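Using the sequences and the hints, build the whole thing.
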Amino acid sequence: MIPLLRILNRIARQERRALLQGLALSALVLGMGVALLGISGWFITATALAGLAGIGILFNVFMPSAAIRLLALGRTAARYGERVQTHDATLRALSRLRIDLLRGLMTRPQRRLERIRAAAMINRITADIDALDGALLRLILPALAGWGVIALTTLVLWLLVDPRLALAVGLCHLVLPTVIFGLGQRLARRPARQTEAALQAGRSRLIDLIAGRDDLTVYGQLQRSADHCRDAFRRHALHLRRLDRLERRMGGALDLSTGLAVALAIGIGGHLVTQGTLDPARAAIAIFAALALGEATAPVRRALSEVGRMTQAARRIWPDLPAPPVVSSAPLPTGTLHLQGVTYRIPGSGRDVIAPVDLTLAPGDCVALTGPSGSGKSTLLLLAAGALQPTTGTITLGGRPLTDWSADALTGPITLVPQRHALIGGSVADNLRLAAPGVGDAALWHALEITCLAQTLRDRDGLDTRLGFRGAGLSGGEARRLVLARAVLRRPQILLLDEPTEGLEDALADTVLHNIRRALPDVAILIAAHRAADRNVAERSVALKPPV
Amino acid sequence: MITPPTPQTPSGRAAPWGPVFAVLAGLVWPCQAAVIAWTLGGWIIGTAALSPWVAALAVVALTGLRVVLDAAAHLRLSAQAEARIAALREAIITTESSAADASNLGGGGATAALACEKAEALRPYLLRYRPARWRVAVVPPVILGLTAWHSWAIGVVLLVAGPLIPVFMALVGWAARSASERQMEEIGSLSDLLADRLAALADLRLIGAGPALVDGFADASDRLRDRTMAVLRVAFLSSTVLELFSALGVAMVAIWTGFTLLGELDWGAWGRDLSPAAGIYLLLLAPEFFQPLRDLAAAWHDKAAAEAVEADLARWTDQSREQRLGTGACVAPGRMPRLSTRNLTARGIRYPDIDLGPGQSLAITGPSGSGKTTLLRLLAGLEGPDSGQILLDGQPLVHATADLWRAQIGWMPQAPHFLNQSLRHNVTFGPPISTETAIAAQLTTVIARLPRADQTLLGARGAGLSGGEARRVTLARALHGTPGVILADEPTADLDAETSAAVTRALLGYGRAGGTLIVATHDMQLASQLDRTVQPIGDRP
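Respectively, the protein sequence lines represent chains U and G. Add 9 to a position in the first sequence, counting from 1, and you land on the number used in my numbering. Add 516 to a position in the second sequence, counting from 1, and you land on the number used in my numbering.
Heads up, some of the hints might be wrong.
Unchecked claim - In the EDC-like style, the derived pairs of lysine to aspartate or glutamate whose C-alpha atoms are separated by at most 16 Å in a straight line are:
| # | chain 1 | residue 1 | chain 2 | residue 2 |
| --- | --- | --- | --- | --- |
| 1 | U | LYS554 | U | ASP367 |
| 2 | G | LYS634 | U | ASP361 |
| 3 | G | LYS819 | G | GLU636 |
| 4 | U | LYS554 | U | ASP361 |
| 5 | G | LYS634 | U | ASP139 |
| 6 | U | LYS554 | G | GLU1014 |
| 7 | U | LYS554 | G | ASP818 |
| 8 | G | LYS634 | G | GLU606 |
| 9 | G | LYS634 | G | GLU598 |
| 10 | G | LYS634 | G | ASP828 |
| 11 | G | LYS634 | G | ASP818 |
It should be emphasised that the hints constitute simulated quantities derived from the structure, not laboratory data. As the structure is a prediction and not an experimental result, all values here were calculated from the model.
So, in C-alpha cells, the structure goes:
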C-alpha cells in the first residue's frame, strides 16, 4: 500500500491543478445528486402536507421546482465536465509516470537494464503502468469526493434536520465503507498476489511449451510441459475463487451498510415524527439523502477488486522512478583510456568473467580485441564504457578513474555500439537524431554515406523511411549500418564497437570500417572482433584469454 | 490434420441461474421502495401503517435478501466464466501440444497472450454484461408497469425516455468508435510505444541517446494524449445523455407529483387522487428505471473488449494444423534400432536412402538451404515426408512408434529455445547434471561463472550466455542420459576455433563410445571424421 500512496502523492504534486479540478467536479456531481433527491423528497412530502391541509394555494412552488430543474440540468453538465476532467488528469499523470519511469531506468545499472529487454519483463512493466490508471479514476478521486460529500451532507442534515439523524446517516456511510475497504484490501493482498503470480507462471510456461515444442517433443517432455501449464492455470483459478469470495462478502457488507443507513434514517426519523419533534418533510430529506449517498459508496466495490493489482504494480514501479540526480563536479572526461589488471565477476558468482587485462587506448588508436567466445570481449567493452565497475584493477581516462564521473557524463566522450541494433519505431532520421539531436539533414546523409547505407535509403523514402517497432523493416545488415552511422554522428572521443560488421559481407564490412576510421581520424577505436574483416582495420590487436 | 476445437463449456446451455438471480436482485428494490414510501406516506396522513422500527427492520431484511441474491448470482456467473475460460485455456494447451506446426497467431508470445490476459478480458464481459442485459430486459418494464398503475402521465414520460436512450447512445458510440479507429491506425497504443522504447533503452544509453529518447517519448506521449482526449470527449457524450434522461426523469416525477399533490394538476392519475405514499413511491422508482441502462452502458466497454478477443480466438480456431507424430510423452528407451530411409522426399527435395546401424556415423553436407535441417527433422519425426518412409529395424516410423524412437535421440538444434527455468532443468529436465556430461560438453567453467551455478535461471534467449556457451548447454543436453543417437544441426557453426574444436571432440568421443551420430554440417573438418557422407539430391525428384 505504501508504494501506491507514494506514487499517488507524486502524481498529486505533479498534476495538482488538473486533479483539483477533477476532484471538485466529482464532488459537485455527487453533491448535486444528493441535493436533487433530497429536495425532491422534501418537495413531494411538503406539497402532500400542504395539499392535505388545504393550503396548497399558499405553498411557494417556485423556488423548489426551479431548484429541482436546475439541479437536474446542472448535474448532467457537471457529470460531463467531471468525466472529461478526471480522464484528462489520469492520462496526464500516466503519461508523466511513463516518462519518469524511462528517465529513472536510465540511471539504473547496466545489468538491470539488460534484464528489462526480455519480452516478459517489458510486458510486465507496461501492464503495471496500465494497472495504475485506475488508481486515480476509481480509487482516489471517488474516495476523496465521496468523503467530502458525505461529510457535507452530514453537516447539512445536522443543521437542517436533526443531529442524531445526521450522525446515524454519516456514520453508516462514512465509517463503515472505509472500514470495509481497509479490511478488504488487507485480506485481498495475498490472494491477489498469488492470482497474479499464477497467471504469469502460466504465461511463461505456455510460451516455453509453444516455442520449445520441437525440442520438448524429442526429449519426451511435451506432455509434462503441458501439465505444467495446466497446473499454473489451475492454481490461478483456485486463488481467483478465493478473491471472488472475498469480493462477494465485502460487496455484500457495503450494500448492507447503505441499507442500514436508510433503515436508521427511517427508524430515527419516524421516532422523532411520532414524538412530534420533527415534521415529516424534513425527515424525508434525511431518508432520501441516505438513499442518494449510496452512489458515493458504490465505487468502493470496484476499487476493492482492483486495489490488489494496483498495490503490486506500484511496488514494482516505485523503485525505478528517478531519485534526485547526482551532480558530478569533475571536469569533462577526456584523454587516454587506460586499463590495468582489470577483471570482472558477476556479483554472487564464484568465477571471473574475464582474465586480467591491461590495455592503453590513446586518441587515434585503433585496436582489435580478440579471443574465443566466452572470454569476455563484450564485458570488457562495458567496463571501458563505465557501464560496469571492474571487480579488481583500475580504469582511468586522462589519468582520472572512470568512477569520478557519472555513467551519464561518460556517454559524452565514450560511445559503445553493442551487438544488438537498438532501433525504435519512427523514421530513419528519428533514429539517427537520437544520437545527435538538432543535426541537419546533410550531416545525417554524410554519416549514412560513411556506412554505405545512403544509396539503399535513397531508393526508398530517404531519411523519412519509416521503421516499425524495434527497427522492423530493415534487414540485419542494414540495421547494423544504421546503428554504426548513428555512432559516427555522435563524434565521440572513444568509440567502442562490439562485433560491428556482423551480418555484412566481407567486402562491405571492410569498406564500412575503413570509412569510419577515415572519418574519425582522432578517435580512439576499440573493436571486439570476431571476424577477419573487423581485425583488418586495426593497427594492433589485444587477445583476451578465457578466465581460469 | 487437426482443427482446434471451439472452446465451449460443457454446460454452455445449462440453466441461466446467474442472470436469473441478478434479475431477482434487481426486483427487490420496488418492494423496498414500497416499504419506504408507505411508511413516509403514513407519517404525512398521520395514520402510520408500520411502526418506524418495524419499517427499518423490513428495509434491512430486504437489503439482506438483495445481498444474498446478488451473491448467488455472482457465484454462479463467476463459476460459469471460469469454466468458459478454463475450457479455452485447455483447448489452447491441448492443441498447441499436439500440432506439428506453428499457429497463425505467430510466436508463442501471441498465443500465450490469448490464453492469459486476453482470456481474462472475457471475464468482466461474462460477469457484468450478460446479467446487465437480462436486467435491462426485465427490470425497466416492471418499473414502468408499477409506475403506470399509479400515473399514466409518468408512465408516458418513462416510456418515451427509455427507448430514446439506446438510440442516442448508439449514435454517439458510433461517432466515438470511428474517431478511435482513426487514432489507432495512426499511432497504436502508448503501451506499445513504451515497450518499443524500453527494449532499446539499455543499448541506447551506451551511445548517449538516453535524454533524446525520453524527450521523443514525451512528445509522442503528449500527442497521443491529446488525440485520446478528443475521442473521449465524444464518447462521454453517451454517458451524458443517460445522465440527462435520468436526472430529467427524477425532476419531472418530482414536479408532476408535487403539483398534483398540491391540487394544481388534476390529470395523469387515471382520474383518481394521488396518495402521498404513491407520489413518493413514484419518485423512488424513477432513478431505478434508468439504472439497468446505466449498468449496461458501463459494461459496453467489456463487451467491446470481449468481441476483440473472440475475433482473435476465431482466427486461432479457424485453421487446420498438421498432427504431430507421437504424443511427446516420456517413455523408457528400448534397444537402439537400425535406421534406414526409403525414397524420402520433403519440401521438394529428394534424399538418398540411408542405412545406418547402431554405432555408425553419418554427415549430411551440402550448401545452406539444401535441406540438411529438414532431413534431421524428418528423422526425428518432427516433420512428415511428402513421400517415402523412415524405417526403424524395418518398421515404419508412425504415430505409435514415434515416442519410443525419440527416447533414443539426443537432439542438438542450431538455435534452441531455452526454457524459463534453471540451467540444470534445461540440460536434464530435472536431475543433477552428471560430471561426465559437464566435462564432455565443457560446461563446468560456464556453470562456475554463473551467479547461482546450475540453478541460474535461463530466459528464453539463454540470458547472459554467449553463443558458444549456449551451444555447450545444447551439447550437454544432447549428451545427457547417453542416448542411442545424436542428431546435431550445424554443431560448430558461428563458433570460435577453440569452442568449435571442443564440440567436435565431444561429438566424436560420443561416437567412439558406441553412439550413433548424424550431423548436418558444412564444416568439412568435422564431416571428414565421420563414417559416411550424404547430400540431399536437390530440386524436384
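| What hints, given by number in increasing order, does this structure fail? | 2, 7
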